[in-house]
Amino acid sequence: MPDTGPDFLERLASLPSFQHAVAAPGGDRVALYYDVTGRNELHVLDVESGDLRQISDGEVPRNARWHVDWSADGDWVYFHDDEGGNEQNDVYRIGVRGEREGEVEQLTDLDGQTALVDVADDGETLLLGSNRDGQMNLFAYDLPSGEVSKLTEYDRATASGGFSPGVDRLAYATNEADDYNNQDVYVADVDENLRFSSANQKSPISDDVDETRSVSLANQDSASPDDADGSNPRNLEIGEVGAEAGFADWGPDGERLLVSDNTENFSRCGVYDLETDEVEWFGDLDAEESPVAFTPDGERFLALRTRDAAVVPLVYDLETGKGRELDVPEGVAAFSGARAPILDGDRVLVRHTTTDSRPDLLAHDLESGETETLLAADYGEFDPGRFVDADYFTFESHDGLEIGALLYDSGERPSPLVVNPHGGPRAADYKSFDMYTQFLLSRGYSVLKVNYRGSTGRGREFVERLYDDWGGGEQADIAEAVRHVTAEEWIDEDRVVVFGGSYGGYSAYWQMVQYPELYAAGIAWIGVTDLEDMFENTMPHFRTELMEKYLGTPEENPELYRERSPVTHVENLAAPLLMVHGVNDRRVPVSQARIFRDALEEAGFEEGEGETPAASPGGSEAAGDYEYVELGEEGHASSDIDQKIRMLRTLDDFLKRRLPEATTAPAE
366 MPDTGPDFLE RLASLPSFQH AVAAPGGDRV ALYYDVTGRN ELHVLDVESG
416 DLRQISDGEV PRNARWHVDW SADGDWVYFH DDEGGNEQND VYRIGVRGER
466 EGEVEQLTDL DGQTALVDVA DDGETLLLGS NRDGQMNLFA YDLPSGEVSK
516 LTEYDRATAS GGFSPGVDRL AYATNEADDY NNQDVYVADV DENLRFSSAN
566 QKSPISDDVD ETRSVSLANQ DSASPDDADG SNPRNLEIGE VGAEAGFADW
616 GPDGERLLVS DNTENFSRCG VYDLETDEVE WFGDLDAEES PVAFTPDGER
666 FLALRTRDAA VVPLVYDLET GKGRELDVPE GVAAFSGARA PILDGDRVLV
716 RHTTTDSRPD LLAHDLESGE TETLLAADYG EFDPGRFVDA DYFTFESHDG
766 LEIGALLYDS GERPSPLVVN PHGGPRAADY KSFDMYTQFL LSRGYSVLKV
816 NYRGSTGRGR EFVERLYDDW GGGEQADIAE AVRHVTAEEW IDEDRVVVFG
866 GSYGGYSAYW QMVQYPELYA AGIAWIGVTD LEDMFENTMP HFRTELMEKY
916 LGTPEENPEL YRERSPVTHV ENLAAPLLMV HGVNDRRVPV SQARIFRDAL
966 EEAGFEEGEG ETPAASPGGS EAAGDYEYVE LGEEGHASSD IDQKIRMLRT
1016 LDDFLKRRLP EATTAPAE
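Going by this note's numbering, 675 is the number at position 310 of the sequence shown; the sequence numbering is gapless.
Quick caveat, the hints were computed from the structure, so don't treat them as lab data. Just to be clear, a hint being listed does not mean it is correct.
[To be verified] Subject to a maximum C-alpha distance of 30 angstroms in a straight line, what follows is the list of computed DSBU-like cross-link-like pairs (lysine-lysine):
1. LYS796 / LYS1021
2. LYS796 / LYS914
3. LYS687 / LYS796
[Stated by the list, open to error] Pairwise CB distance ranges, derived in the manner of DEER restraints:
4. GLU976 / ASP649: 53 to 61 angstroms
5. ARG751 / ASP393: 35 to 43 angstroms
6. PRO617 / ARG927: 23 to 31 angstroms
7. GLU413 / GLU901: 49 to 57 angstroms
C-beta: ideal position from N, C-alpha, C; glycine also.
Please put together the full structure from these sequences, using the hints given.
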């Protein structure tokens, strides 16, 4: 039976969760965000003793979206903070031992979004990504002086960078090719004068941009190679033009790179030798694999393999070329801490979860295969066995393409269904624990998650099926999945709801106005409604790497932008719609929700709450056609417990009024 106790929602949302666990240099400690106190705080875990110590007391952000990392000496942990979830981050540090424990310092004060990309081993240099000047590019931050130097200046976003051992070179990925889908790996010499030349400095307490900054690593039309201070950026040309190559890690000798490439459709891992300019590839190309990090001895590297919505960690031996999967239960097991998942000896840090079990933090020994739980999931008063597993299945979509999906059965008969498209769109639903899904199941709703075309985990060709077709084939995949599932007798086809966030919010809007016959109600959370407005008002790196990559520009494709915008088809709305949006969202600005709300009003739809009789799911005169909620002090969703409770209450209240709960007993 549905669990409708008055405090169930609060108890579920309040279960403690950890995020961004990362090992300290030496591997004796792990820093992580943890909200066991009811608020997100920074904690440090002693690996040997198991002692977990709270470091912060309200100084770190409520929302644990952004990662943390250690200083080279292990005395500090770096973190990001913003204003009310707007993701216009700056970088801070907090002391974690000695007399300065708990002391917080703001390091950067740059316009736009700033993110920590790498911590150099010299103890003095940080690598930052920032859109201070428009596009996302790489900067060096000098800890002793607080000076910031711009290292790259590309028109396309520059990503996944890292300093070499000794900080004399920099590897990163970007695209200068005419093929918009291309991505290449570059290596550049890091000249001390370039990194910290006086013309390139920007005070961490000033927002003024020095227009006389020195020439960037990128060879631009306005600069000759001789002006680049010897930086000599070199495109390694790892894959074919149009494919995507990526950088993961430097080898400990500073002469090898751990890289990826999807020229052969599935992403694969390789080791690039900078002395010979040769790449050794690993794996059989029968599944997506992504590199993570070298082991400290440089003789192995860690990677992740994705297949059928599951992720398994593996280790490759460079001498034999053979890979071995770690022995963990099927679900999602990922090395925790990006390029710093290494603990003492041969042990690595792993975060493991399944569809019906919350994340555990594990230490896995690569030699013995033994696994130790460092931080077990906290279930509070809940029986861990009460959570629901999912069935993974595939079906044939409208054009014959095979699509994968996850179906959670609530046990209700007949069961209402919530269709929950994932965000991204370059993302996927995996076999991992999801609080919102388990909450809906507790209320009696079965849940369907669809890995539509464009999702990750199926290779480059599957991803590229969505290019130039945003709002097309992938939305037909979702609709076909609904038809496939509602053909089952135990699903109530008259009580189907679509609920999604971000690109899933776009999908919720689109499903409601393009496939209205399928749905009794919809919830669109932080979703896109007007593509041209999104192009104009999102952050620069989202404009080029999301909007332009998938749709071109509004000037190039005005009809596509208009036709694939849900607001263009607002008159098709035929069932109650709840719109929810964070006021501080900079990825998908709140203007997206306001535009759709205003269009509904202009089209004659009425805003208002009310109950929709179960016998008339399409609406009633007593209830409004749509409901609208803006979330204050919140951006593009949040992990904060109070903000999760607020969102769950909003969702729960709407569903109770608009789609009354089933009253029949669950099947045996």
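Status of the hints after comparison with the structure:
Note on LYS796 and LYS1021: the hinted pairing holds, with a Cα-Cα distance of about 28 angstroms set against a maximum of 30 angstroms. Of the pairs offered as hints, the one joining LYS796 and LYS914 holds, with about 28 angstroms between alpha carbons and a cut-off of 30 angstroms not exceeded. Simply put, LYS687 and LYS796 have alpha-carbon atoms about 26 angstroms apart, close enough for the 30 angstroms limit, and the pair holds. Between GLU976 and ASP649 the CB atoms are about 56 angstroms apart, so this pair conforms to the stated range of 53 to 61 angstroms.
For the hinted restraint 35 to 43 angstroms between ARG751 and ASP393, the CB-CB distance of approximately 37 angstroms keeps it satisfied. For PRO617 paired with ARG927, a C-beta distance near 53 angstroms fails the hint of 23 to 31 angstroms. Between GLU413 and GLU901 the Cβ separation comes to about 53 angstroms, which falls inside the hinted range of 49 to 57 angstroms.
The structure shown violates just one earlier hint, number 6.
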